[in-house]
Amino acid sequence: MSTLNDDDRANLSAYLDGELDEQTAHALEAKLHHDADARAEFEALKRTMGLLDYLPKVEPSPTFTNRTLERLSLQTLQTLHASSRSTKIPVRPPRAWLRWAGWAAAVLVALIAGAAAGHFLTRPAPASAVEDPLIENLRLAERFALYQELDDFEFLEQLADLFEEEAGS
Amino acid sequence: MTGETSSQMALRDPDIRLMLRVRDDDAEAFAQLVNLYQHRLVTVMGHLVGSGHEAEDLAQEVFLRIYRARKKYHPKAKFSTWLFSIANHLAHNHFRNRQRKHSVQLPGSESGPLGPRPAEQLVHDRGPAPSQRLQEQELAAVVQQAIGTLNERQRVAIVLNKFEDMNYAEIAEVMELTVKGVKSLLCRARDNLRVALRDYIYMQDSQTTEEVRDVDAQ
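As given, the protein sequences belong to chains A and B, one line each in that order.
Residue 50 in my numbering sits at position 50 of the first sequence, and the numbers go up by one each step.
Residue 194 in my numbering sits at position 194 of the second sequence, and the numbers go up by one each step.
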């Protein structure tokens, strides 16, 4: 019958982790030296810990980083959009680039209106879908309201660059 | 790291420096942290929750939380300690939600890449001896199942000690325990594992003996 008590057993585990101070380690070694049952228990514990070496490392999927950045980008947009809709405090005055964006929006609306008028009046056949100004600017027009809410567009641009790098690598 | 200033910590820990750049909205620094820690984080989560898909979801959530908390980041510990503290909280929430849903999915279930074969099929199969690699895979499955018999805290302590090579003080910080509490927790966890794996502890010895007999007989 082993002479080890509960404290000794906890010390055995800590001994294998290198967590015992020198004095406690020496005392434990002396007990093991004189007690064959204690040595058997120690050996079983050591082997049990050795079996953990068979646990595999779990590899993330190759797209993990890209998907994480994508999810972050989406959440950031959603959060900004939701917070600007729900806030009752006055919206901060737009920064210079937003004033520029407002001007650009006015120009865009004029362009689209002009293109639409020209499109329906003359009905030219565009050489390709990309050349049609309506389609070319549609994405910008669709998301313009959302872009207006952004406070940190530069960060999103950086994320977009990273997406492209990840996709290319 | 107790008593050190943020600057001193940043000097010693390159990951803290990266996180301070994330605090300043450096997207590239954030991507670097994701790249640096994804393998370790997914491994830890994988062994805690079992399913590869859930492990990745939880790992992603850890990174997202780190990003959301970036403006309030003031290093008080190693970056990895902070990261795995968040991971521990998320794993805990996951276990709690799983219990509420009365899910029967155990770690190492067949739905994930860690799916084990039933333990009774292992070792006692007296057909032709499987290859060494197959034996190792089966043993991995058995060990994974044994990990699944531990309670949540024992599992976290074992996984952090094994895969992150954390000492007791680091585990204590991640799990918000005392060092003595971690020592006791690991002892109980290993005792439970020893019981769960009692049929396999000396398996390598008996296999070696059989191999020697086979060679002698030839």
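The reader is advised that the hints may include incorrect statements.
Stated by the list, open to error - Label pairs and their calculated CB-CB ranges:
{"id": "1", "chain 1": "B", "residue 1": "HIS39", "chain 2": "A", "residue 2": "LYS46", "range": "25 to 33 Å"}
{"id": "2", "chain 1": "A", "residue 1": "GLU70", "chain 2": "B", "residue 2": "GLN8", "range": "32 to 40 Å"}
{"id": "3", "chain 1": "A", "residue 1": "LEU77", "chain 2": "B", "residue 2": "ARG12", "range": "33 to 41 Å"}
{"id": "4", "chain 1": "B", "residue 1": "LYS180", "chain 2": "A", "residue 2": "ALA82", "range": "30 to 38 Å"}
{"id": "5", "chain 1": "A", "residue 1": "GLU29", "chain 2": "B", "residue 2": "ARG98", "range": "21 to 29 Å"}
{"id": "6", "chain 1": "B", "residue 1": "ARG12", "chain 2": "A", "residue 2": "SER84", "range": "36 to 44 Å"}
{"id": "7", "chain 1": "B", "residue 1": "ALA169", "chain 2": "A", "residue 2": "GLN23", "range": "33 to 41 Å"}
Claimed, not checked - In silico EDC-like pairs for lysine to aspartate or glutamate, Cα to Cα no more than 20 Å straight-line:
{"id": "8", "chain 1": "A", "residue 1": "LYS57", "chain 2": "B", "residue 2": "GLU164"}
{"id": "9", "chain 1": "B", "residue 1": "LYS162", "chain 2": "A", "residue 2": "ASP161"}
{"id": "10", "chain 1": "B", "residue 1": "LYS162", "chain 2": "A", "residue 2": "GLU70"}
{"id": "11", "chain 1": "B", "residue 1": "LYS180", "chain 2": "A", "residue 2": "GLU59"}
{"id": "12", "chain 1": "A", "residue 1": "LYS46", "chain 2": "A", "residue 2": "ASP6"}
{"id": "13", "chain 1": "B", "residue 1": "LYS71", "chain 2": "B", "residue 2": "GLU138"}
{"id": "14", "chain 1": "B", "residue 1": "LYS180", "chain 2": "B", "residue 2": "ASP191"}
{"id": "15", "chain 1": "A", "residue 1": "LYS46", "chain 2": "B", "residue 2": "ASP25"}
{"id": "16", "chain 1": "B", "residue 1": "LYS162", "chain 2": "A", "residue 2": "GLU19"}
{"id": "17", "chain 1": "B", "residue 1": "LYS72", "chain 2": "B", "residue 2": "GLU54"}
{"id": "18", "chain 1": "B", "residue 1": "LYS78", "chain 2": "B", "residue 2": "ASP15"}
{"id": "19", "chain 1": "A", "residue 1": "LYS46", "chain 2": "B", "residue 2": "ASP165"}
These are computed hints drawn from the structure, not numbers from a lab.
Every residue gets a Cβ at the ideal spot worked out from N, C-alpha and C, and that includes glycine.
Now for the hints, and whether the structure bears them out:
In this structure, B:HIS39 and A:LYS46 meet the distance hint of 25 to 33 Å, their C-beta atoms being roughly 28 Å apart. Between A:GLU70 and B:GLN8 the beta carbon distance is about 36 Å. The supplied range of 32 to 40 Å therefore holds. The supplied range of 33 to 41 Å is met by A:LEU77 and B:ARG12, whose beta-carbon atoms lie about 36 Å from each other. Distance hint check for B:LYS180 and A:ALA82: the Cβ-Cβ separation is about 46 Å, which falls outside the suggested range of 30 to 38 Å.
Look at A:GLU29 against B:ARG98: about 43 Å separates their beta carbons, and that is not inside 21 to 29 Å. Checked against the given bound of 36 to 44 Å, the beta carbons of B:ARG12 and A:SER84, roughly 40 Å apart, stay inside it. At about 19 Å, the beta-carbon gap between B:ALA169 and A:GLN23 misses the expected band of 33 to 41 Å. Annotation: proposed proximity of A:LYS57 to B:GLU164 holds, straight-line Cα distance about 11 Å (limit 20 Å).
Under the criterion of a C-alpha separation no larger than 20 Å, the hint pairing B:LYS162 with A:ASP161 is inconsistent with the structure, at around 37 Å. Our distance criterion of 20 Å between C-alpha atoms is broken by B:LYS162 and A:GLU70, whose separation comes to about 31 Å. Distance check on the hinted pair: B:LYS180 and A:GLU59 sit about 33 Å apart at the alpha-carbon level, beyond 20 Å; violated. The straight-line distance between the Cα atoms of A:LYS46 and A:ASP6 is roughly 17 Å, inside the 20 Å bound, and the hint therefore holds.
Proposed proximity of B:LYS71 and B:GLU138 is contradicted: the alpha carbons are some 46 Å apart, above 20 Å. Proximity of B:LYS180 to B:ASP191 is assessed by CA-CA distance (about 17 Å); at most 20 Å being required, the pair is judged to hold. With a C-alpha separation of about 47 Å, the suggested pairing of A:LYS46 with B:ASP25 is violated against the 20 Å cut-off. Proposed proximity of B:LYS162 and A:GLU19 is supported: the alpha carbons are some 14 Å apart, at most 20 Å.
Distance check on the hinted pair: B:LYS72 and B:GLU54 sit about 28 Å apart at the alpha-carbon level, beyond 20 Å; violated. Note on B:LYS78 and B:ASP15: the hinted pairing holds, with a Cα-Cα distance of about 8 Å set against a maximum of 20 Å. Distance check on the hinted pair: A:LYS46 and B:ASP165 sit about 16 Å apart at the alpha-carbon level, within 20 Å; holds.
Consistency note: the structure conflicts with the earlier hints numbered 4, 5, 7, 9, 10, 11, 13, 15, 17.
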